Amino acid sequence: MSAITTPFSETSSAWTLPYRGKVGMACLIIAESAIFTIFVVAYLFYAGKSLTGPTPREVLETPIFFTVCLLSSSLTIHFASKLLERGKRGAFLGLWFLTIVLGGLFLVGTGQEWHRLIYEKGLTISTNLFGTTYYSLVGLHAFHVTAGLIMLSIVLFFGLAGRVGPEESARVDVLSLYWHFVDAVWVVVFTVVYVLGR
Amino acid sequence: MSSDVMAIQSADAARRSWTEVLHEWVTTVDHKRLGVLYILFALFFLVIGGIEATIIRIQLMRPHNDFVSPQVFNRMFTMHGTTMIFFVAMPILFGFANYLVPLMIGARDMAFPRLNAFSFWLSAFGAFLLYFSLLGGSGLYGAGNAPDVGWWAYAPLTSRAFSPGHSSDYWTIALLASGFGSIGTAINIIATIISMRCPGMKLSRMPLLAWLNLVMSGMVLLAITPLSAAQLMLLVDRYLGGHFFDTQAGGSASLWMHFFWIFGHPEVYILILPCFAFMSEIIPVFSRKPIFGYPVMVGASVCIGFVSMSVWAHHMFTVGMNSYANSFFTITTLAVGVPTGIKIFNWIGTIWGGKIDFKVPMLFSIGFLIQFLIAGLTGVMLGSAAFASQLSLSYFVVAHFHYVIVGGILFALFGAFYYWYPKITGRMLNESLGKLHFWLFVIGFHLTFDLMHIPGLLGMPRRIYTYEPGRGWETLNLLVTIGTFVQGIATLVFVANLVISYFKGAKAGNDPWDAWTLEWSVSSPPPAYNFASIPVVASRRPLWDLKHPEDPDSRYE
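Same order as they appear, the protein sequences are chains C and B. When we follow the working numbering, the leftmost residue of the first sequence carries the number 1, and every step to the right adds one. When we follow the working numbering, the leftmost residue of the second sequence carries the number 1, and every step to the right adds one.
Among the hints, erroneous ones may be present.
Derived coverage of chain B by chain C (criterion: at least 3 residues anywhere in the stretch with Cβ under 8 Å from a Cβ of chain C; other residues may be distant) [unchecked claim]:
{"no.": "1", "region": "184-190"}
{"no.": "2", "region": "394-405"}
Residues of chain B clear of chain C, computed beta-carbon distances all greater than 12 Å [to be verified]:
{"no.": "3", "residue": "Arg15"}
{"no.": "4", "residue": "Asn74"}
{"no.": "5", "residue": "Phe387"}
Simulated from the structure, these hints should not be mistaken for lab results. Bear in mind that the values here come from a model prediction, so they are computed numbers and not experimental data. Every residue gets a Cβ at the ideal spot worked out from N, C-alpha and C, and that includes glycine.
All chains should be built: construct the whole structure from the sequences, respecting the hints.
What follows is the structure, encoded as structure tokens:
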């Protein structure tokens with residue numbers, strides 16, 4: 001057929017589409033939500049069906065303090081990225097660091113709880129159905145917190161090296177979206193494990 | 001402009017050594033090259049999976065055959081199913097999506113090129129792991145092995161007691177790896193379609209291929225992930241002593257079934273939606289008419305996406321759910337037939353009154369329409385709980401889903417090959433060989449899969465490695481096996497056509513089919529950056545507007 005070369009006029013200006021990073025992260029969050037849903041369904045399906053002890057009522061203690069830490073880290077990361085947008089790098093780094101500390105504290109809390117459950121209460125992943133579903137669900141969440149902390153730390157190092165400015169704020173926003181997701185999942189996990197599951 | 005670019009590239013290619021070319025292909029992040037890699041990878045495994053199918057069919061050719069042992073037979077149907085779904089159908093469809101979506105929406109690449117390469121190599125690694133089980137299935141004991149738990153791997157077959165060694169673990173981890181690859185690609189396709197469209201390419205003007213791949217990718221996000229989650233649970237059971245699917249500790253075997261089929265049924269639609277996409281591009285061009293009912297097609301696709309997420313337990317009617325669940329899943333299964341029927345009517349409406357050009361892509365499309373309709377009808381039969389109770393786990397089911405996958409998906413894919421091969425390679429596929437391929441395949445397909453329904457109705461269960469004579473199954477099974485060989489020969493003709501035409505095929509030019517979507521506006525094969533300047537579109541058929549400035553579509557839409 002006839003050769004058609006460069007048939008189209010140059011780009012007009014009034015055409016804007018959503019930022020691809022945000023769309024990609026939204027998709028990842030949808031996919032991750034489906035994974036967590038399956039683990040939550042398994043937890044609820046097996047709640048109270050363990051053939052042997054210990055049961056959640058006997059051994060679980062509600063981690064109020066560490067939950068407050070994780071949830072408030074959502075606030076700090078939100079204000080951090082707002083500050084970056086306005087070009088206040090120092091304040092951004094401060095709040096960013098605080099976010100990492102709060103997330104780290106949460107992981108310490110999970111570690112302490114697991115240590116207590118394993119060494120004092122004798123509950124491991126192979127003890128009973130409660131152990132299997134509990135460690136899997138909470139562990140999957142803790143894994144996501146860890147992954148988030150690694151990514152947050154990378155941004156912190158680049159920030160300390162002076163490489164994160166307002167022009168990066170859209171990309172930093174993408175990461176904070178992930179962190180909000182990790183926090184939101186904890187609200188669900190907390191409700192399921194420490195409220196409904198007992 | 002674009003022809004100059006190509007001339008420079010080919011002059012370069014002559015001077016480079018093969019190691020440089022290999023390095024370039026392995027490290028590429030170009031959506032077109034990754035698309036080609038996906039397709040070649042899938043074609044390779046299509047041959048492997050086909051050989052496995054042939055082994056199965058030779059074993060069942062006559063009663064009391066001992067071509068392979070029962071153990072090998074189990075491994076063959078497990079590997080055949082797993083390979084064909086995860087390492088043929090998924091990658092080949094992702095390959096076409098990768099290649100075509102950016103070109104059709106006027107973008108220069110996918111949204112995340114490096115994620116794209118990562119996803120491909122993750123899938124390839126998954127396939128490598130699955131086949132490595134042939135060597136390493138028994139670990140350091142050195143004995144070869146392969147997964148033998150069936151492609152749906154029901155508990156408790158996968159527990160340590162019934163599946164010692166590592167073959168099931170290779171299966172699990174292979175599917176995890178390819179699953180994460182699929183999720184990466186799905187994220188990429190969605191982000192590309194949402195964020196990378198060229199000016200004027202509103203959602204209401206997007207080619208249906210892009211729309212259907214958008215819906216398909218959304219389904220991948222929601223349907224592949226439950227499989228990944230279930231595989232993680234299986235690994236916890238096998239390696240950490242967990243009890244998710246351990247009935248002796250209170251676990252539930254049917255929970256695995258639910259989790260598997262929450263993936264497994266949407267998966268069928270994940271595979272068929274891109275094939276609907278091919279049909280929606282090929283049929284209009286060879287009927288010389290714009291697609292009939294574009295908005296309804298989009299609506300029906302989205303509707304299929306939603307409804308098909310709630311039909312999974314029709315695979316489990318014989319498991320022992322209560323009557324409410326059986327009724328619910330029967331109703332949703334029958335309901336999903338409605339939007340699918342709308343699509344078939346729209347394709348017929350497109351052909352109706354058109355100036356039909358019976359080139360090979362159109363032949364395969366018509367084969368698709370007829371065969372997919374029949375496959376859908378047996379699907380409606382099996383979707384009814386009462387009927388499924390009779391025929392569940394029989395060869396009727398095997399015949400039904402192969403009718404969907406071979407008669408529907410594979411025919412649509414062959415059509416897509418004949419249609420887009422000129423764009424990808426710059427050469428036309430040979431028309432006579434194509435017609436030979438089509439007719440041989442039609443004969444082989446119908447010989448195999450039409451007849452396969454009957455032993456099922458006569459009570460032949462699936463997954464048996466042999467059977468007694470005198471049940472009326474012998475002649476039918478022999479004919480089914482002969483049909484398999486006819487299909488094999490047809491596939492060889494196809495492969496020969498691919499290879500011969502690559503070197504000797506007629507030059508295609510930019511637009512051999514006089515088509516209307518953006519990929520035909522660039523040279524064949526397209527230059528690395530696709531579009532020298534980003535196009536601006538004003539209608540659903542930008543090339544029609546360009547060729548007919550006196551009567552553009554944009555005037556009517």
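Taking the hints in turn, this is what the structure says about them:
1. For the region 184-190 of chain B, the proposed coverage by chain C is satisfied: 4 residues have a C-beta within less than 8 Å of a C-beta in that chain, meeting the threshold of three.
2. Closer than 8 Å: that is the beta-carbon criterion, and the region 394-405 of chain B has 0 residues meeting it against chain C, so the requirement of 3 is violated.
3. Interface exclusion of B/Arg15 from chain C stands, the closest Cβ pair being 26 Å apart, more than 12 Å.
4. Against chain C, the non-interface label of B/Asn74 holds: every CB pair exceeds 12 Å, the least being about 28 Å.
5. Every CB of chain C is more than 12 Å from the CB of B/Phe387 (nearest about 29 Å), matching its label as outside the interface.
Checked against the numbered hints listed earlier, the structure breaks hint 2 alone; every other hint is satisfied.
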